[in-house]
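Q: Model the full assembly from the supplied sequences, consistent with the hints where possible.
Counted the way UniProt numbering counts, the sequence shown spans residues 1 to 287.
Just so you know, these hints were derived from the structure itself, not from any lab. This one's a predicted model, so the numbers in the text were calculated from it and none came from an experiment. Check the hints yourself; a few may be wrong.
[Stated by the list, open to error] DSSO-like cross-link-like pairs, simulated, lysine-lysine; straight-line CA separation at most 30 Å:
#, residue 1, residue 2
1, 262, 68
2, 165, 130
3, 61, 287
4, 68, 268
5, 268, 83
6, 262, 204
7, 36, 84
8, 84, 204
9, 187, 287
10, 36, 61
11, 130, 204
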Amino acid sequence: MNESHETESKGRTALVVEGGGMRGVFSTGILDAFIKQDFNPFDLCIGVSAGASNLAAYLGKMYQRNFKVFTDYSLRPEFISMKKFVRGGHLMDIDWLWDITLREMPVDVDTLFSTLSEFIIGATEVNTGKSVYLNPTRQNFDQLMKASSAIPVIYRGFVEVDGVKYVDGGVTDSIPVIEAYRRGASKIMVLRSRPHSYIMQSSKNNVLTKWHLRRYPDLLQALENRVHTYQAAIEFMRNPPAGVEVIEVNPPDSFQTERLTKELSILKQDYQLGYDRGVQLMEDWGK
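A: Shown next as structure tokens:
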């Protein structure tokens, strides 16, 4: 699943969407602007974590579905709870979030799976610590989406899909722009959840992480290598190969949302920043 796709024909147009927890409110704003204008020039769509969820709503043409997820469901005490975490539960309970949102606001899978855009979800294999890029099916869609968002420790377990354990795709490839290139894309739009100036700091795994993942040394190593894979994606975006155009779309410096932000006014403001940027991106696309 992590094999090279260099042999695929070049010239595809790709959309890559980074995760980042609640920071995904920016990309959902952009994608809602796209839905509103029925704008989809992309042959290939790759998302990780919250980015994958935002892409699913986009390809399902579900205007403002994920805006409601960010500004309603995600703010309920059942989702982000330090009290629950201290007692041994999840800090970010994606089981609860996925169960309730798929029950009350199900993704339009008929529209999603009839789209001409290839949809790929990035995840991390627990036992190998390697990136995988998976095409969801109607049967495993729900679990794959959940797997891509299962941030180690913040979510205490793993998500099993077709007999394989996965965690958050952002552990090994937060910005899968190089994978889009491997799959033949020569024009790539990347929706970021961090400002252009952001630099990821190197860090050793803390005691809690080491204890929680003590039986999974390859996953621990992947977490320690994360800064290097992240920086490689940044360098690729800003210095792409000849013949490849990368449009990097970052939140502005006024963007305030963090991974666990629960302030409705901030989320609404940052969604609007995304929506306005989406309008501009459509105007600039053909220029």
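Q: For every hint, state whether the structure bears it out.
A: Evaluated hints:
{"no.": "1", "hint": "262 with 68", "result": "holds (13 Å)"}
{"no.": "2", "hint": "165 with 130", "result": "holds (12 Å)"}
{"no.": "3", "hint": "61 with 287", "result": "holds (25 Å)"}
{"no.": "4", "hint": "68 with 268", "result": "holds (10 Å)"}
{"no.": "5", "hint": "268 with 83", "result": "holds (26 Å)"}
{"no.": "6", "hint": "262 with 204", "result": "holds (28 Å)"}
{"no.": "7", "hint": "36 with 84", "result": "violated (38 Å)"}
{"no.": "8", "hint": "84 with 204", "result": "holds (26 Å)"}
{"no.": "9", "hint": "187 with 287", "result": "holds (13 Å)"}
{"no.": "10", "hint": "36 with 61", "result": "holds (9 Å)"}
{"no.": "11", "hint": "130 with 204", "result": "holds (18 Å)"}
Consistency with the previously given hints fails for number 7 only.
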